[in-house]
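Please model the entire structure based on the sequences and the hints provided.
The listed protein sequences derive, respectively, from chains A and B.
Using our numbering, read the first sequence as starting at 5 and increasing by one per residue.
Using our numbering, read the second sequence as starting at 7 and increasing by one per residue.
Take these hints with a grain of salt, some might be off.
Stated by the list, open to error - To list a few chain B residues with every Cβ distance to chain A over 12 angstroms, as calculated:
no. : residue
1   : L54
2   : G67
3   : G98
4   : A100
5   : H106
6   : Q110
7   : I113
8   : D116
9   : Y122
10  : C157
11  : R168
12  : P173
Stated by the list, open to error - Lysine-lysine pairs mimicking DSSO-like chemistry, simulated, CA-CA at most 30 angstroms apart:
no. : chain 1 : residue 1 : chain 2 : residue 2
13  : A       : K43       : A       : K30
14  : B       : K59       : A       : K51
15  : A       : K51       : A       : K30
16  : A       : K43       : B       : K59
17  : A       : K51       : A       : K62
18  : A       : K62       : A       : K30
19  : B       : K59       : A       : K30
For the record, the hints were derived by calculation from the structure and aren't laboratory data.
Quick caveat: nothing in here was measured; it's all calculated off a predicted structure.
All C-beta atoms in this analysis are idealised placements derived from N, C-alpha and C, irrespective of residue type, glycine included.
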Amino acid sequence: MIGFEYARAGTVADAVRQMAASRGAKFVAGGTNLVDLMKMDVERPPKLIDISRLPLDKVEEIATGGLRIGALVRNSDLAYHPLVERLYPVLSSALLAGASPQLRNMASIGGNLLQRTRCPYFYDVATPCNKRDPGSGCPAIGGLNRMNAILGASESCIAVHPSDMCVALAVLEARVRVAGPIGERVVPFAEFHRLPGDTPQRDTNLDPDELVTAIELPPRGFAAHHTYLKIRDRHSYAFALVSVAVGLEIEGGTIREARLALGGVAHKPWRDAQAEAALRGRPAGEAAFAQAADLVLHGARGFAHNTFKIELARRAIVRALSQAARGTPQTQSGKKIA
Amino acid sequence: MEGTGSSTTGGSRAITEPVRLTVNGEARQLAVDVRRSLLDVLRDTLDLTGTKKGCDQGQCGACTVLVDGRRVLSCLILAVSQDGATVTTIEGLARDGRLHPLQQAFIDHDAFQCGYCTPGQICSAAGLIAEGRARTPDDIRELMSGNLCRCGAYTNIVAAIRQAMQPS
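Structure (structure tokens):
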């Protein structure tokens with residue numbers, strides 16, 4: 005790890021001001037990803053601005069409906085928050101599917117949004133990587149790519165976004181509140197993360213001097229019909245090969261609203277408007293679910309070691325939609341897949 | 007505080023900052039290199055070598071300690087960020103010469119072989135019990151999944167934690 009300056013931010017405005025004055029500096033909160041990347045010399049910031057003591061640790065109901073979650077709320081506190089468990093159980097479930105209890109006790113939800121990929125070439129500074137060193141190449145395309153993307157990848161990068169929480173936030177159509185030098189703005193979740201294109205070094209549409217201050221959830225929480233199904237190499241404490249978050253609204257056996265997002269398959273949580281539209285108005289059943297899965301995956305492309313994920317994703321989508329429709333969401337403790 | 011400031015060695019700047027910690031009930035005033043993990047400060051500066059350095063990357067759980075009562079991974083925490091924190095390590099669990107119920111349960115159930123992961127397992131289990139979320143053996147397995155045991159003592163670890171969870 006290279007040497008760096010360390011400073012604590014007193015207020016959000018102070019944090020943003022310090023960042024604007026220090027090119028290449030990084031905000032640090034839980035540190036679970038950034039400190040790891042600094043140990044590996046993947047991140048080499050000249051300065052860390054510690055935001056962990058800012059007053060952004062509240063979960064509050066929004067007067068007009070919905071929930072505002074401060075960016076420094078810990079993953080474990082959010083997962084077990086009574087309002088989240090009751091109104092947004094898909095978010096609680098996705099949080100508990102991620103990392104370990106120790107990491108969830110440390111990691112902030114703002115930091116969870118900003119996790120970097122776990123592509124092994126991104127982590128290995130002895131190899132090229134367009135995300136770490138733009139223009140150097142992508143060894144994953146012709147190398148070890150079992151954990152890499154099957155949707156939305158580019159010639160520059162086939163990395164995936166590692167977060168579970170973000171897959172649920174995509175289904176909930178959360179908004180991300182950010183503060184910057186010219187004030188606050190609100191970013192719809194679908195526009196927060198990016199596909200790699202020819203700029204894979206940029207994971208998000210956040211500017212370098214902007215700070216995530218909160219995540220806002222609209223009132224619709226899909227508490228009756230939801231699931232977070234995560235398929236991985238071991239039962240717990242592993243990144244997703246494929247995960248599926250689902251939120252449905254069903255009346256008399258007919259799907260009125262459908263949201264579906266995939267994790268582990270793309271550079272951002274993957275939604276497909278056509279597939280969701282195809283579910284609306286249909287009877288909740290295997291025929292509609294299989295058609296939706298086909299629509300999500302019709303453009304999927306596998307590489308040497310991950311082609312299996314296309315069929316795995318197809319089956320996981322059908323399974324997850326069935327779980328949500330039946331009102332029997334996947335539990336994250338007993339691992340039996342219902 | 008003495009020792010605070012910056013110096014240049016080998017082309018990499020070493021910057022130190024003052025940090026106050028309460029470790030196992032004892033107040034400590036330190037000047038730490040901002041790059042040092044809480045794990046390294048516990049082991050190398052405070053000589054509390056019960057906390058183990060396994061992967062040093064947040065993947066094995068051997069470095070688990072309690073900070074302000076919550077289980078965390080000391081390898082991924084910059085010590086400088088913990089000014090004012092209360093830290094409990096495996097050395098701080100026994101009371102008045104009596105083992106912590108989890109320590110006794112691990113002995114009773116032979117819940118280890120080589121013992122390297124054990125301090126992290128026990129600190130993690132203390133956090134699990136304080137959190138109060140585990141009801142069933144499945145819950146214990148899931149909520150202890152951040153602690154790897156390469157000897158494979160998992161069955162006895164779950165049995166030991168179940169014993170310690172019983173109201174005494």
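Does the structure break any of the earlier hints, and which numbers would those be? 2
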